[in-house]
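Chains as they are written, first to last, in the numbering used here: chain A, 1 to 555; chain B, 1 to 404; chain C, 1 to 123.
Hints are supplied without guarantee of correctness; some may be wrong.
[Said to hold, decoys possible] Dumping the calculated DMTMM-like pairs for lysine to aspartate or glutamate here, alpha-carbon to alpha-carbon at most 20 Å:
no., chain 1, residue 1, chain 2, residue 2
1, C, K102, A, D254
2, B, K8, A, D368
3, B, K142, A, D254
4, C, K88, A, D62
5, B, K114, C, E40
6, A, K30, A, D62
7, C, K48, C, E93
8, B, K142, A, D368
9, B, K142, C, D96
10, C, K88, A, D20
11, C, K102, A, D368
12, C, K45, B, E184
13, B, K142, A, E324
14, B, K8, C, E93
15, C, K102, A, D16
16, B, K8, A, E208
For the record, the hints were derived by calculation from the structure and aren't laboratory data.
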Amino acid sequence: MPINALHEEGFIGRRDALQDLHRWALDAEKGSGQSIVLAGSPGIGKTELLKQFFTHLFWKQDAIAPFYYSVSSAILSVPLFARDYLTRFLCQRLAFENKEESLLYLEGITVRELAAWARDRGAAWAGELLDRFQRCADDPIDMLRVALHAPLQSALFTGKPVAVLIDDFHKLARLHHQGAADPSLIALFESALSAKKAPHLITGNAAELQALSLPGVTWVPLRPLIFGDAERLFSAVLQARGTAAAGVPPALLDLLGGNPLYLRCVAGAVKTDRVSGEEDFWSAYVQEVASGGIYHYYAAALKTLFAEGGERRQALEALYGIYESEGAPLEDRKLKGPDAGKLSPALARALLLSGFVRGEFGGYRAPDDRVMREFISRLYEREIGVKPSRDVRQQAPEQRFSPQVTGNVFELALPLMPQAELVVARSLEQIGRNLQVPEDVIGQMQMAVIEACINAIEHNRGGERRLFVTISAEGERLEVSVESPGRDFLQAETGEPFVGTALREGGPRGQGVKLMKRFTDTLRYEKTGRGTRVVLGKRLTRTSEPRKENVPNRE
Amino acid sequence: MGTRWDLKRMLFNLSALVDLGQEVTSAKGYAERMRTAVYVITGMFSVPRAALFVYDPEQRALVHVAGKGNEELQDVRLSLRSSDVQQLPRNEPFPIRDMRTVPFFQRYEDILAKLDARVMVALFAKDEFIGVLTLGRRLSRKTYLRSEWDVLKVAAHQLASAVHNARLFAQHAEKARENKRLYEDMRRIYHETIEAFATAIDAKDEYTKNHSYRVAHYASAIARQMGWRKEQVEAIYIAGLLHDIGKIIIDRKVINKDSDLTSQEKEEIKNHPQVSYEILSKIRFPWKEVVHFIRHHHERPDGRGYPDALGEKDLSDGVKILALSDAFDAMTSDRPYRQRLPLAEAVREIERCAGTQFDHHISTVFIKMLEQEIKGKSHGQPILESMKMEIKAFRDANGPRYNA
Amino acid sequence: MFRTVSNFSLSLKTTDDVVVMTPRGYVDGLGAGQMEEASEAVLGKGAKKLIVNFSDTQFINSVGVSVLTTVVHRTQQSSGMLCFTNMKRVHREVFDLMGLTKHVKVFNEEDDAILYLNRTKKN
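Isolated chain A, as found in the complex (with noise of 0.2 Å):
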């Protein structure tokens, strides 16, 4: 499980945090460790920091046996997690007897082969809890118990304090029980986390975290890297990528915040071919947010916390309302923000668990954080369509790479609704005709711009609602882009569209991009601020003819 640990030069910073834990680690060892929550906006490190502790604990010292258990969303009934809670930490404890790396990745093993197993090792107390749990077969709260207090009962047969170090322990908050989840199965830790000689380390959702109101625990906050390890994060994962980058702008390290998600996000994002410029870092940020990394990121959070229509859309809409608001000025009396009434309390309750808004004393605050405000407001702008009257240095980024548009550029906005590819086609043959495009290259042109749009509608499911197409003639050539704000299915190396699970079986959409091929003579595609952007062009010369027989048309 914690194999995935970064590389212990791959870890900057934290020189503090390591240090409280290695002194937290100290008191266990002397039988008066004390539970913890590390807490910490989203992307700050918890997860890698209790990994690269783990790592330590197991491999350099022999005093505390370490325990990392990430909890999973898929493994939450209650017989199911406890199963796999004790199994996971008998195999780590036996493992770490001996230094042996092989037991940690031991997946799938069933109680009783590793009953056998222990037994084996002459660890006979491992062998007891597991027959017990065995016992309790019927009684899945028994079951529960055994297995949280395995770690306590580990120390005291063996003399040896126990780290827990649990990732995601929010999610606990569903584990659920004949069918229904029951959030006050999560009492059932409480006397696991009081335990002296075997305290837990947990992490998660600082919201939701705070929701579950664990008692006797001390948060110890995260806190985002100070810009100087900010800036050698940065620079290691830039050099690790072999780029000759250099000299990343102090103003978008300020604006990363210390978050080591987005310094990797964006470092990882920065073009390795050349030197880069300013320009190309804020490309790099630019992308990562509206469509890289960090956008996934975020869009994942807001997914499972708002499904679809009314309730996504009011949430985005209270959360921008509370972004702005912030940046009005500071001199209003009122208090900024929708009232807490104006939304449901369930609505309201989801808001401030996502971590988007920050609870305050009866009123909402926008976090610190201006690359998750930043997400937001693009994801506003395009779903619900209102220009944002944003910071201006905010706005700069997008506005140096908004393409340079020049001579007779026509450009449409449109809603995603069915049959707008048709609307699409409708305007290309009137502009063309402007333009003084010859019919059939209007025509062949016609049939790509169809598919692409169409391609567009169908790979975005994020819930963006808008193609931008802009349509050019330009000497010899007849260009026409769709570009939509879209998950990343642009598979970087071949710069084709992915070849996703349409394509493979032979679908549909599969014949699609070979017609867009078909029709014109030159196909590419772009990352843009916004998302995706399908290039195709046609020359203008008469001589142009579809390389093969026309595909019937669509309509």
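We have chain A already, so just place chains B and C on it with the hints.
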């Protein structure tokens, strides 16, 4: 993370409020306290620029008292009408923008802009307008949350009370100082007036120039020697200065007459204590005994004095001291009708009259004082300044008795 | 302008064009105002690279925060760069709480900050 963070910040602000409370009531100077208060408050909200103005009701203006980041505007004064004051919310922060239509804010738009005043709190203590605090833009550019607004209100209350108290205290201190000054002035006026009188008295009589001074001098020396309190000594000094005020009335000719006085003239002179009394009784002295001394300074313990022929038991010490002093000076000064007695004679005369004309005890004290001075051993003010020559002669004449 | 409080002192040093201020003791009284004056003086003379080294600083309260707010503000106004180094955990907490950290660049060690300042052109 959210709520915990804000709890922590609230805690920080609360401890800052405690700091504020301690600061404004500390023993430091007013200006320093106010400045520190501004720093504490701006520290709560990360505000780089702020200004504290205190209202001067006499000038009807706000005077800059302390601030941060606004040094060049230190001597600013903003005049404020009471109608303006009424429009201000009390101890409640408000954005200055909202007050655009209020005359005061229009008038001083420029200055307020220079101060970067964005938020203002009008400070009131018990309905009395104390001043205003202006805060500039926060470093974070963030809006104030309700909880922060509340903290600011509390801080404003504390600040208003502190300034108010400091003012009251200062006013009282000022009053006390003023009273003291008045008192000293009065005293001075008294003395000057009295001395003017004394001069007038003495001017009437050529031979008694500075007589009043000397009598006052002797009398107060005796009183001091007898352990009298400072105010009492002062009283008898005054009495000494004024004891012959009655003489102002008496005709100059009579006083300076060369030959023997007629009985009528004697009568007239005898009247002077009475006249003194009548004049002086119209004046209010801080020492009530003064008038009494003056009236009776010609009395004698044996009852043959004037004007009231009081006996020993009716005479106060002050009267007796004054009587002795007066007589002593008469003896040792030239008169139109006789020359002065030599010091030895005067002393003998006093000894002789102790118990009859003069009080026995007081005479003894006086003589002892004289002896000390003659021997050169006196430790107070010298009594016999004017008679140094005489002293020498006295010593020589009287041999060992008066020598060391 | 400020009375010196006995438990605070400020030392100032300049290496090349980097100015390092090291407050010593308790930053809780008007003595800390020396930092304001010092920063104003160096910024007035054209300094653009400032470091505040907290290794010797103990307690910081709201007055201290206020003073540092001014230093941050003035540096921003002069388009300078400000770094905080060697902060203790408690300093970091207070500054994060009061929103100061966002406006400065935090480094573990003074040398790291100096290296950074020397190789960065102001954006």
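Structure-based check of all given hints:
With a C-alpha separation of about 7 Å, the suggested pair K102/C and D254/A falls inside the 20 Å cut-off, and the hint holds. With a C-alpha separation of about 16 Å, the suggested pair K8/B and D368/A falls inside the 20 Å cut-off, and the hint holds. For a cut-off of 20 Å, the pair hint linking K142/B to D254/A stands: about 17 Å separates their Cα positions. The straight-line distance between the Cα atoms of K88/C and D62/A is roughly 30 Å, outside the 20 Å bound, and the hint therefore fails.
Proposed proximity of K114/B and E40/C is supported: the alpha carbons are some 18 Å apart, at most 20 Å. A hinted pair counts as satisfied when its Cα atoms are at most 20 Å apart, and K30/A with D62/A qualifies at roughly 13 Å. In summary, the hint linking K48/C to E93/C is not supported, as the alpha carbons are separated by about 26 Å, beyond the 20 Å threshold. Note on K142/B and D368/A: the hinted pairing holds, with a Cα-Cα distance of about 10 Å set against a maximum of 20 Å.
With a C-alpha separation of about 14 Å, the suggested pair K142/B and D96/C falls inside the 20 Å cut-off, and the hint holds. At roughly 13 Å between alpha-carbon atoms, K88/C and D20/A fall within 20 Å of each other, so this suggested pair holds. Note on K102/C and D368/A: the hinted pairing holds, with a Cα-Cα distance of about 9 Å set against a maximum of 20 Å. This hinted pair does not check out: K45/C and E184/B have alpha carbons roughly 55 Å apart, beyond 20 Å.
Distance restraint check for K142/B and E324/A: the Cα-Cα separation of roughly 11 Å lies within the 20 Å cut-off, and the hinted pair is therefore satisfied. Restraint check for K8/B and E93/C: the C-alpha separation of about 9 Å stays at or below 20 Å, so the hint holds. For the given pair, K102/C sits about 19 Å from D16/A by alpha-carbon distance, which is consistent with the 20 Å threshold. With a C-alpha separation of about 19 Å, the suggested pairing of K8/B with E208/A holds against the 20 Å cut-off.
Going through the hint list in order, the structure does not satisfy hints 4, 7 and 12.
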